[in-house]
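Peer 1: Take the sequences, apply the hints, and build the full model.
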Amino acid sequence: MVAAASGCNKFLDETPRDRLPVDQAYGNLDELYLNAVASLYSCVGGNKDSYGLQGTRRGIYDLNTFTTDEAMIPTRGTDWYDGGLWQGLYTHSWGTGSSAVSGTWTYLFQTILRCNKSIEDITAYQQQKQVDVSYYLAEVKALRAMFYFYAMDLYGRVPIIKRSEPEWEDLLLKNRSEVFNFIRSELQEAIPNLSESYSNRPGAYYSRMTMPVAFFLLAKLALNAEVYTWDNWTSEPRPDGKNIIWKIDGKSMNTWEATVYYCDLLADMGYALEPDYQTNFQVENEQSYENIFTIPMDKWLYTNQFTNLFRSRHYNHATALGLNGENGSCATLEALDAFGYGTDRQDPRFDISYYAGEVYDYDGYPVLLDDGTPLVYEPRKIALDLSGSPYEKTAGARMRKYDVDRTATKDGNQSNNDIVLFRYADVLLMKAEALLRDSGPNDVSLALVNQVRRRVDADERTSLSLDDILQERLLELAWEGWRRNDMIRFDTFCNLRSFCPVTSLEADHHTIVFPMPGEFLAITGDKQNYGY
Amino acid sequence: MTAATAVTAHAQVEVHADTISQSQMNREQLSNPLDAINGRVAGVTITKSDNGVAAMNAVRVRGTTSLTGGNDPLIIIDGVMGDLTTLAAVYPADIENFTILKDASETAQYGSRGASGVIRITTKKGKGKRTTISYNGSVGFITPYKNLNMLDANGYRREVVARDLMLIDMGANTDWQRAIQRIGFQHDHHVAFTGGGDNNGYRVSIAYLNHDGVTLHEKMINFTSNLSMYQRMFGDLLNIDIGMFGNVKKDKTAIYDMQKTFYSAATFNPTFPATGDINTGYSGFTYANQINHPLALMDSRTTDKTTHISTHAKLTFTFSPKWKLIAFGSYSHNEVERSQYLPTSIWAGGQALRSSEKTETLLGNISVKFDTKAGKSTFNVMAMAEAQREKLSGFKTTTTNFTADELGFYNIQAGALSLWEGTASYYEDPSQLSFLANCTWDYDGRYSITATARADGSSRFGNGNKWGLFPSLSGAWTLSKEAWLRDFKWLDNLKLRVGAGISGNQGGVSNYTTLNLLAPGGIVPVGQDLKVALISPRNVNPDLKWEIKRQVNFGIDAAFFGNRIIASLDFYTSKTVDMLYNYPVPVPPFTYPTLLANLGSMRNSGTELALGFTPLKTRDIELNINANITFQRNKLLSLSGDYHGLHVTAPDYVAIAGLNGAGFHGGNNNIVYQIVGQPLGVFYLPHADGLRPTDKGYAYNLVDLDGDQIINTDDGKDRYIAGQAVPKTLLGSNISLRFKQWDIAIQVNGAFGHKIFNGTSLSYMNMNSLPGYNVLAKAPERNIVDQAVSDYWLERGDYVNIDYITIGWNVPLKRDKVVRSLRVALTVNNIATITSYSGLTPMINSSNVNSTLGVDDKRTYPLARTCSLSVNLVF
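Protein chains in written order, with the working numbering: chain A, 17 to 548; chain B, -6 to 868.
Be careful, since some hints might not be right.
What the hints assert, rightly or not - Quick list of in silico lysine-lysine cross-link-like pairs, BS3-like style, CA-CA up to 25 Å:
hint, chain 1, residue 1, chain 2, residue 2
1, B, Lys139, B, Lys117
2, B, Lys384, A, Lys26
3, A, Lys145, B, Lys524
4, A, Lys426, B, Lys524
5, A, Lys64, B, Lys524
6, A, Lys64, B, Lys389
7, B, Lys689, B, Lys771
Note that these hints are calculated values from the structure, not bench results.
Peer 2: Right, here's the structure in full:
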């Protein structure tokens, strides 16, 4: 009877052959690295809505870009209405039910929990085999800190979870300043164990979390520390950066000094402005000395997508380049003004970052519309809803910036240009801003900004205000996903912009963070971000 | 001759079951066995997924009772268990009868596999010494008869010019819907031989079906064959039944994405000529990136080749009139081979796919039966043990970057690039064990009680949860056999039935779900190398267990006036608990946003009434009227529960179906939802109280339902529950009249009490679509320039459909001739639909809970009618 029963149970056992049991996944150091560390890098880019730091739709990039004065996706007839999604982002009326907002939350915390699992597995391996793999631990912890950085930047208060299977108390929301401190100390602790290699260059550390990437994140943290330590952003005054103290190498410094400190470390590591701005965005841009952290792209191998170019170009324009297009995103009126579009002092970077007016195919022939007339992008004819306008399909200056990969796959969604997340020009501008905020107008800041401008042959500035820095950041970093972060730091995010209805709903600044998913809040009973 | 009709060890336990014999089946114009019983059984919904020749039937027995899967009924063909796809292996003319088991006490004998109802098919068998040859054949035409009334070229020009939009005028006037359609030819042939001797019999049949579809290049070819024989040995001790059936089916189509094809055909610029081919290319129209040149779409090819073979053998040992031992074994092999090519004109770089999916099933059971009588009591006792093992394996390869389209899927090496995510293979081998004990006590034909206990073990659940025990009990009281009713001569039968049972379902659980396993998750650079990292791609739930359905059934059967009036009435209610569902769960605490778990519950109830009425019956004339009505109710009771100390609650509003196409990507475009406390699949929509003028035309005037002075169509804001997608009432009825050798039959089906969201009109009435997308002919006069989702296009879905009319003539023959019988019949199907629904047809998906439920969204197949002439000859 017993034998029969055990025979039955054996018959019902599952013996998978096309999948591997978890306990067989970490046989040696190579497998540990591959399955516990390298596998996390597949979360940096992505091919699914809201998944990935950039390149996909309805994710971090869109929340940081189409909510600002940099870019918008107007409704163009039946195209780009999408249930009011894009208009809602632009007018800051995304509500609490947006799948873009909740999907991004899911992506970030899924990745954080996967990092936690890797940390547990690496720790177990270390204990079991008695080998030192602290460099793997450091790498994953720093990577997790980066995802926490994005989560804290977007949602303000978030839980700090260090386990892969969190308990109830792990889910409680922490004040934004506490999360800020956590990210700061995690990065600082990890740095001694991180490689000094350039992450953007092919080799053993290609696209990995290395020391310069961590320095860049610390600089960003320091620069935004006023916002990140502002626990009651709708009701209390913002803290002063001079009172936010960092302890680095036994020295005590304020947050602006810390920003400069980390920017200088990056300069010391050999990063520099590429002589040609475009080198950073060309098809084979892995050799750039300016890019610090990128999403690796290989159209033959990886599944990471880059939809930003693909969704901006007019159909016929994309077709003329042998690709497909979705005729969507374009520059706002504010961005055009900042670039001095159409004036005699138009910034040289406008033509690098945008298509406007007539456009041409590879052979230099103008791109034609279906009726045989030339396609002319009309940057100033944009509106929130262009339906029925004669410029419905042609209004708006379109994204250029990245060189066209002529053999891009997936309709042009996958090309070989690595997606630039962090780069050194931003570091120079961060340092200029920190010095300006710390000690007022100074020559070093002015020189740094002019260094960036000189590279593209733009007229040098003779003086420098904070507003100038905000403008310069748009000119230099258009389409790179930093605008929301910048506007919040400069306190212009809730200001009135063209096509936005006049409303007092944003007076409390509650829109500087996004709402959290209600299903998550329901678990602990924590309150939604104020104002939602 | 019991040997040829006893089907399996299961046959004895039914107290009541709907058995549909040949005379009650739909006879002509059948290409699938289910066509034979469509509209014939109360509580069984059979809907074709579309009008294509390869369309699958969606079948629901007593509605949807599970959220994850396992809602399809179990199909058993001569004891061989299969699923809906197995049906293609049987030619309808080979079917002796169908038995439909709905009630839990009836399906209990099949355990978990029968939890969603059982459709059992017995094929015809040899009948001893009588040798016959029969031929069934038909020829016919299928014709598209109704399309959407879009603007023609002149209307399109007029409206585009009037609105000062860019007109691309190529000078033609093309009806693109017609341009991708055709009149299809079809012919079917079936030959069967029967014969045998004193102790044996055989039947062999072969059939060939060849059906064109109404869209270009669409074709279905099916060869089937069915062999069966029996042999008695050692006197009456041993009877051997051996059978084998199989088919090879080819489905070819140019439609790889139904919505893309019909959306393109309806809205492509009508001034373009219908010219071009795969080599010369097509004049492009790039303004509408959600659609393609319809003829370019027709260059894509998808071929599915399904090969199925089942063999089975049954040994019946009759040791004494009381004791019997039955051993049954079957082996089935099913392979679906897919070849697909999407040419460069519609898919950048072209794309070819080859794939194969194979299922092998080995099943064996052994049962012992004991039958005895004591006085007026009869006892039937049975015990059975059953084991099943499956092997599921398959692979796929995808290549892209083709320079030319000539080689297509015939040589996929012509594509320069093999996609990492386009290459895969799998192997799984689930198993199941069952033990069954069953006892029936009958007293004097008046009272009977049946008790069944079944234990099912499945490899899919974790240790400790593999086994489920599913008992059932039923009883019947035949009042008409009681002495005090015998005097009522007009009463032929009156029987009360009651049954209750528990069944288990594992349909939604895939293999290895309870194990923490790693699978390839993508390519990552490792140093100078490229490696595939393994990831665990989902939340693991080691505690998964059987989903339980408790069902109670009451029934009355009655027959009056010499069986001229027959009625059967059933009430049932079932509650599904520990409901398996992919719960949307918050991240964190979970790593992934869904968790398959046993949490919620759902209730189904219904009333089924079947009526048969024979007002006229003489030698020359006979009129039969049959009707069945089903009233069904469903309520989602809960979608929450405790999981490892956390209270897991699905969101209040879980979207099931939404809209696709230009301007419908993301945002508030969801239509049909799952909401606790409501039936499965309700319309949850903003309310529009009409149209309001804007500076460009008219927009839907949405109402501020929550009174917060802002129109916000987020879930939980300005939306309300506006109706359900699944019909509350279903009707099937058949009227047949015979006059001498002539007969006529009409089948009428209907569905009531549900609604349909007309997403096609919402899209095609939007004047903002011009010039990229054509609009409906009636759109300009309404001048709507809005595509916001609201209840404006929510319409009543009630319909009555005249399914077919058949006129037949049984040719009178002299008895001594070679030909024993000859019948000729003419059938026309899809005669008419009576409905108030303004779209193409109300017969869209209203039963399967998936992303198309209740939403008519630019994907409706052309309506087509088939006319066919059939001949039935027996020698």
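Peer 1: Could you run down the list of hints and mark each one as holding or not?
Peer 2: Structure-based check of each hint:
no.	hint	in the structure
1	Lys139(B) / Lys117(B)	violated (39 Å)
2	Lys384(B) / Lys26(A)	holds (17 Å)
3	Lys145(A) / Lys524(B)	holds (24 Å)
4	Lys426(A) / Lys524(B)	holds (22 Å)
5	Lys64(A) / Lys524(B)	holds (21 Å)
6	Lys64(A) / Lys389(B)	holds (22 Å)
7	Lys689(B) / Lys771(B)	holds (17 Å)
Violation of the numbered hints given earlier is confined to hint 1; every other hint is satisfied by the structure.
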